[in-house]
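Asks: Chains V and X are the protein sequences, given in the same order.
Residue numbers for the first sequence follow the working numbering, so the first one is 1 and each next one is one higher.
Residue numbers for the second sequence follow the working numbering, so the first one is 1001 and each next one is one higher.
Just so you know, these hints were derived from the structure itself, not from any lab.
Some hints could be false.
Listed below are the simulated BS3-like cross-link pairs for lysine-lysine, each with C-alpha atoms no more than 30 angstroms apart in a straight line [to be verified]:
1) V/Lys94 x V/Lys70
2) V/Lys140 x X/Lys1181
3) V/Lys70 x X/Lys1356
4) X/Lys1020 x V/Lys115
5) X/Lys1033 x V/Lys43
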Amino acid sequence: MAQDNLNIRKLYALSSENKRFCFSLPLKHNIRIGKREYEVQLKSDEKYGTYILWKNRKYPVEIIRSRQNKYEILFNDISYTFTVETPFSIQRMKVLSTTKGKAEKELIVAPMPGKIIDVLVREGSVVTRGEPVAILEAMKMQNEILSPVNGTVVKVSAKANTNVMKNDLLVEIKL
Amino acid sequence: MQIKRILIANRGEIAVRIMKTAKLMNIETIAVKTAVEPNAMYLSYADVIFDNTEDASEIPVFLNIERLIMIALETKANALHPGYGFLAENAYFAQKCVDNKLIFIGPSPDAIYKMGNKTVARQIAMAGGIPMAMGHAGNIANEEEAVIVAEKIGFPVIIKAASGGGGRGMRIVRKSEDMEKNFIIASKEAEKAFNDPSVFVEKYIENPKHIEFQILGDTKGNVIHLGERECSIQRKHQKLLEEAPSSALDDQLREKMGEMAVQIAKAVNYYSAGTVEFLLDSEKNFYFMEMNTRIQVEHPVTEEITGIDLIEQQIRVANGEELKFKQSDIKLTGWAIECRINAEDVQAGFAPDPGKIESIFMPTDSYVRVDTGVQANSSIVASYDSMIAKLIVKGKDRKDAIKNCKLALDKVWIKGTKTTLPFFRMLMRHQKFQDGTFTTAFIEKDLDKFYLNSEYEEMLAAWLATKLFIEENLSEDSINIDFEQGKEMSPWLLNKRINQF
């Protein structure tokens, strides 16, 4: 395996919107924009915490999550999710995507701790993408929890006037 | 000065704001320390801290009338400033202060009551001939009457539940033929939701601008206005950005609306600072909405273009002093923009993102003013609002203010929670914001993305992800894990990464 690693010449960072950023190895600390190259540095100190220095400007960065080859990065207050792939794994993904089916259900969880004010669906309700399924109150604001998918509600765990923690299951939808 | 010691019945940036002015006036202040925020920044500005951390009451102290009065008496305060929110517009609380010989720094209980009650406020405005969206003073009996009223005020109209709120029981009707059906539905919805089927009809103002006038009055009957603020950049009635003046008003319209605002305030013998809210349609017709009987979050933009300290004026008026200036003395100079930097996730529909602020640095340029109650290690707690700081930026005109705001936004550094900064960075570059044609529907209708999307920044983030991947998987001292097999990362590796960052 170690031997294999040395043979990797390129890595791809794929964004959640399927944008592909290619970096050749060994990873350079210069990024070319047009005709000029700019140095990029990852730094950390007590005053600012972790940041990236680029073109004389500091950008706050935070590694929110990393799981296997998936990274969620907060860069200048915007979070980005990338999967880092080798040329080999990209090839394998292509094969897999043609053989493996899609997920069958979607779990809607509480995006933040708060109180459920109202549950707007019942078991058996047909929901469309973007339709509110529950209202969650947090920090004096009522937030509509929207369904990310089209489907049928198969389970409702959320109850009105109860408190929920972040990531508690609210509604399960069959696609 | 009769006022010697003020109890600040509030927290956060507004508590800091009030105490700063009190200090300049050599007035002592008392702040209340709560169990939720025992290390809050505002406490360091007070002369006296009342420790309320042992309070076992279920009501938060800033909403607890009896307790606040008790604290004021115990700490020998002779005045009380309610700030905004909490009990600021509670007439009973203001009356309780008066009853206990505490000077309430705000309007009279009577004015708070009259303006707080929508029906009373509307009757007052209607009696004064103030233009209102409301076409009829009372409820509508049936669909025939609804058609008559709607034809009188002109379509489109909106049917609203008399006991309602929150959008339920509301129906927009665009022509007479659609009235019957919608009237019945609205009435049924109102009965179901509020146990009261009564509805009324208002003119529906499409894509209005939210324009409000700052009012200042004294106890001698003088009332003036300090110009307008434009607060159309709002999401679900939560204001995000305010500016003063508004590009939608010229001197003539400003004078006309200002006079109306003063007239409304005079009708309730208003004193102290207050705000009269209007909706302005695309034909420059304006309609009275309501009056807020408190200092507002967005008061700094008015201070910046008038040079008047509104908190100082509130204190002086409460002290019984007469206003030192007349309407003709008020000159609006330059432009000011306020961005509300909140702990919210703009990528998740502005969901609150409470947490600990690890580091915060705000710009110190001469064109910037920052009002905040947060410093490094402060926590944004879920029990209060999500505000971190108000970034107030000045310019000689609107274009200059936007240019300065763009620069200032890039100098703000906050780590620990996600913030609304990416929204403002986008907004400053948006054509419709720049040309001033935005309305209250802007966020819902004109935006497909709520944040600035910079390709370079995304590329740098991708570079960082790649770098982390290499360090975890490909560097010589890393453990070889076959990430493609779906194994979890070893704790040893995680530990190493945590130490690195």
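Asks: Hint by hint, which ones does the structure fall short of?
Replies: The structure breaks hints 2, 4 and 5; every other hint is satisfied.
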